[in-house]
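Q: Each chain is listed here by its residues.
Number of protein chains: 2
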Amino acid sequence: MTEISHENWKFLNGIDSPEDVKELSVSQLNDLADEIRRFILNSVAQTGGHLASNLGVVELTLALHHVFDFKKDKLLWDVGHQCYTHKIITGRKDKFKLLRKVDGISGFPNPAESEYDQFTVGHAGTAIATAIGMAIGQTQQKKNSKIVALVGDASIVNGVSFEALNNLGLVKRQLLIVLNDNSMAIDPTQGAVAKYFSKIRLSQTYEDLRKTTHNILEHLPVIGKSVDEAVERIKKGIRMVLPASQMFESLNIPYFGPVDGHDIGPLIKLFKALADIEHPAILHVYTKKGKGFHPAGSQPSRFHSTGPFKINNHKNGECVEVETAPKTGRPTYTNVFGKHLAELAEKDDKIISITSAMCNGTGLVEFRKRFEDRFYDVGIAESAAVDIAAGLARTGLKPVVCIYSTFLQRSFDQIFQEVALQNLPVVFCVDRAGVVGSDGPTHHGLMDIGYLRMMPNMVLTAPADEVETKLALEFALSQDKPVVIRYPKDVVPAKKSAPARRACARPFKLGKSVVVKKTKDSVIAIVSYGSVLTEALEAAELLAEDGIAADVINARFAAPIDEKIVQLAHKGKAIITVEDHTAACGFGSAVLELAAASFDKSTMKPIVVLGAPRSFIKHDTRPVQLMQAGINADKIAQTAREMLES
Amino acid sequence: MTEISHENWKFLNGIDSPEDVKELSVSQLNDLADEIRRFILNSVAQTGGHLASNLGVVELTLALHHVFDFKKDKLLWDVGHQCYTHKIITGRKDKFKLLRKVDGISGFPNPAESEYDQFTVGHAGTAIATAIGMAIGQTQQKKNSKIVALVGDASIVNGVSFEALNNLGLVKRQLLIVLNDNSMAIDPTQGAVAKYFSKIRLSQTYEDLRKTTHNILEHLPVIGKSVDEAVERIKKGIRMVLPASQMFESLNIPYFGPVDGHDIGPLIKLFKALADIEHPAILHVYTKKGKGFHPAGSQPSRFHSTGPFKINNHKNGECVEVETAPKTGRPTYTNVFGKHLAELAEKDDKIISITSAMCNGTGLVEFRKRFEDRFYDVGIAESAAVDIAAGLARTGLKPVVCIYSTFLQRSFDQIFQEVALQNLPVVFCVDRAGVVGSDGPTHHGLMDIGYLRMMPNMVLTAPADEVETKLALEFALSQDKPVVIRYPKDVVPAKKSAPARRACARPFKLGKSVVVKKTKDSVIAIVSYGSVLTEALEAAELLAEDGIAADVINARFAAPIDEKIVQLAHKGKAIITVEDHTAACGFGSAVLELAAASFDKSTMKPIVVLGAPRSFIKHDTRPVQLMQAGINADKIAQTAREMLES
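Sequences listed follow chains A and B, in order. For the record, in the first sequence the residue sitting at position 600 is 600 according to the working numbering, with numbers rising by one throughout. For the record, in the second sequence the residue sitting at position 98 is 98 according to the working numbering, with numbers rising by one throughout.
Just so you know, these hints were derived from the structure itself, not from any lab. On a predicted model such as this, the values are computed, not experimentally measured, just so you know. A couple of the hints might just be wrong.
For chains that are exact copies, the list does not tell them apart, and a pair is met inside one copy or across any two.
Claimed, not checked - Okay, derived cross-link-like pairs now, SDA-like style, lysine to any residue, Cα gap no bigger than 25 Å in a straight line:
id, residue 1, residue 2
1, K518, R641
2, K564, S497
3, K269, D34
4, K269, R622
5, K564, P606
6, K350, N144
7, K481, D276
8, K339, G396
9, K573, P606
10, K635, A342
11, K272, K339
12, K310, D521
13, K470, I268
14, K564, M604
15, K195, E19
16, K143, S298
17, K481, P111
18, K195, L170
19, K142, Q479
20, K142, D349
21, K564, Q141
22, K95, G307
23, K142, R370
24, K95, P111
25, K605, E645
26, K172, V102
27, K199, N252
28, K143, E346
Chain A extracted, bound-state conformation (with noise of 0.2 Å):
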């Protein structure tokens, strides 16, 4: 395996912008591409990161780059996480070292790296519909900048894509769609559209994927013409040799393709013969995710985003085989859950899941594989995974859905109206809440307990460990409202003191918290939700050992809060709130509000909310955020002597 190193490439070191990419043969370019795909791997190999989908994009990115000039034209990534090629081109390649780590770049586009990024993106989308705003904003402007956005099959049938597809005749200048179709997304992409476009692609060979590019290019350019021209043009002279054509065209968006993703030097004609059609279009373009990459192939999930790895073998130039980091003992939460769910699921029937275009990353492959029938994966649609879920429930099912924090953003609306309102009930499992590490910014789960607690009916709770995993899961199963349960990106903790793991081994109670660890003479509370217990119990630690003595209370619930977490502060205890949130409108919110209704001055000792601030944090790891946004053990412990010396 050899290290990132810059000497051994022929073109590679001398690419430091994309002018460099420009000057370039297709042949070079050829041989660029496989430069490009063994650094992505090396380098991936030894930070992690994004795998699979960049492999696939190497001449699509290159291609584009040969015939637009991003530098005034705007290239705007879908998701995002397949931009390497373009951050590699763009003066990044040296950076790739600190891949998704601190002081090195984001695994997404980023603004504030480069004058080549238009977003910082990471959630899906959104590509089409920023591009019809900055493209309006061309025209009124009096600009010419050529735009285009780059969307996955897995995307572009997100509500928001088709809502913006929809708007798409907002419009009167160019504007190009590459809907990079590697049909797959992290799990296979589901529904309509994508067994649309799996049919055409079983229907066709490479002979007619060059045919049809020889058809546009036959066709095009429309340079002078009209708008109208060239689109009547479009539709009329080769529509019926596209085979896709059809879903796009009742949008009335003029359809080009399919063709083959990976020949750069059709692609390029391509893209300068499109490139000045005066009207939004698509281009429809087949890639081959993990291309170069054998274990991609074969385990699609695996290698969407991995850790570190190491490559073993070698096969006719592609890597055949890897090694993956040993793995510390302990499961994640999200094991922990998707086991015990499918445990429960023998014993109860009615218990559905539903995922969005997520069951690995929710832990859902064992349910799937043991109960395919009660499965739901609705591909990239938040939305409709929710409101799907309201239905099951209103016919008596227990539909238990499961979406990262981040991405139930996506469903806030569908949970106020179609589930708190109706008091339906539908189980969250609310995976990666809280800071989640190398994604960064637009993947930390901040803000689910302010957004759902607001909402009448909803429960909120949080299990702290193992155990209490299991037992918030079957008492959300026993609730007849709706339940809400987050757990973040990590392992489980290891094992507590006695008292603490018989405290958290007590059947969860509506509402109810428990004591974690009492301490004679205790003068503070540590109340934490969620998986912070563990830096509570730390900071407790901590304390003792300045001959502090300090309660830890588990909250277990952030809605309803637990009166008895008040009433501590009424009973002469300062009390800390931790969780791994903002601390705006969360749980320690909740209590403030609590204690405010009961306020006496007379015995109220002070709260102090601890969570995470009203900004941004980087991509780094879980540990390093959790220090960042003060939610850690010495936080904790220097806030408590803070409080008590004043």
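Since the structure of chain A is already known, use the hints to place chain B on it.
A: Frame of chain A, contents of chain B only:
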């Protein structure tokens, strides 16, 4: 003008449940339709309510109830404001005197009112997804109720609808989607799908519609056939004669239509045939919004949702002229905003306005008239609206997004990622913030402060009167970051005292409150956010009568919060915060968070937060709802007295 009377009806008096509808002949149903239409018109003229859409679906609703048994079968309304005929024939006609009034029925479907309603709805695009959930639930539990989703052409283009259509393949049994195409939402429907429907509609004669019906019936029923056979038969047999099949066919959804939605006889035959297809299907139906009521045709926005009015004139059986009750002399916040935005846009050509099917409701009619090329209505697509605005801001323009608070919930994730994370200067004019009166729980805007103040970079402000509405808008447009302005569905307040007027006329400064009433030796400060300043001032008067001196502060900002507010609590003043929002996560909660950070037992006075409870507030008038939520002058004064006594 006749009162709603039960003696004048030939059929309506005998209709106490859908059973009674089933017994009528087609000719009798037509007569009943006429009576219902008159009933709705007379009723809404007296109570106010949604009119045009309800007059359009009378025959369609009767035909559905004639064929299906919605005691067992499930009818899902999209948006739901068009459910009056359904309510009339499901035992609720006597309650129309109290439509949308306290103790009366809601203007939307509501399972608490009737077993014939499935979901309390009010937002668009949810019926297909919830229907999918209910259909899967039926299959899982081996039940066989038929499921019908009734969706308007304006709703079907919403992203949630599309996500559901894309997932319709999850359903392997009957599910009928009735696409009610009245070619008109509240504002004219935007986008490619609308154009597609409209092109088809223009090409169709009445004779064509009859032929289509005939064609469909000839190829159906398919009872007893397997799902695949049925679908194949549909596709091959009749798709050639159905002009709009193309769009849905690419989504693999069997499509039938368009047919005449006012012709009860054929509708009944169609529903009978379609009820037996063991596969999801769409029936496309043309209806005429406002049928039988001429003014709705000429003023569609005016009669979408209306207050009481007087019918002045009949002509050929149709009401042709109405007289609206005179309004208060004061303009609404919406009027003030709309007028001032147009004035500012005159001087600054960077201002662009964007709305989602609410041009009229958000006060943008004048702007649209004067700056047609700087106004964008994206249809019911709140998510895309925000992303388009983000794109516009990225090019240097000043987009102003005008959406109701409750509907902006659909854009939560877009505001987070595409606006707040990028720190783009998008201005959000959040109309209908707070309780909204007769529309009830689906439409209250009680969560916007909470869901927006968690996001970094966002500035949250709220004007308290006419002058402040203008000042807030000018302030927002001058910032280089995102700013949210919230205001209620209400008229601006009457003139205040001279000092209060002067305080509110001071220019807005980021995060700075203004003292509106300073009282000598005051012991309490009432701090209000936004339009409830009126209540705060009135409370101060009430307290003065009791000899209690209270200051009144107009907070102006919920993010960032003015630290001076908290300093008051340290300077010996008890504080009451007031806002037209849930107490959870709102403005007062932000004050508590700030106060907790500077807690000092020796100086701190109590802070009590007044806001709406965490429960759903029923339809009623806005003043009554404010009273119920405990956000009015009496409650403030009472709270102050209690605080000072304790």
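Q: Can you list which hints this structure breaks, lowest number first?
A: 4, 7, 10, 11, 12, 13, 15, 16, 21 and 26
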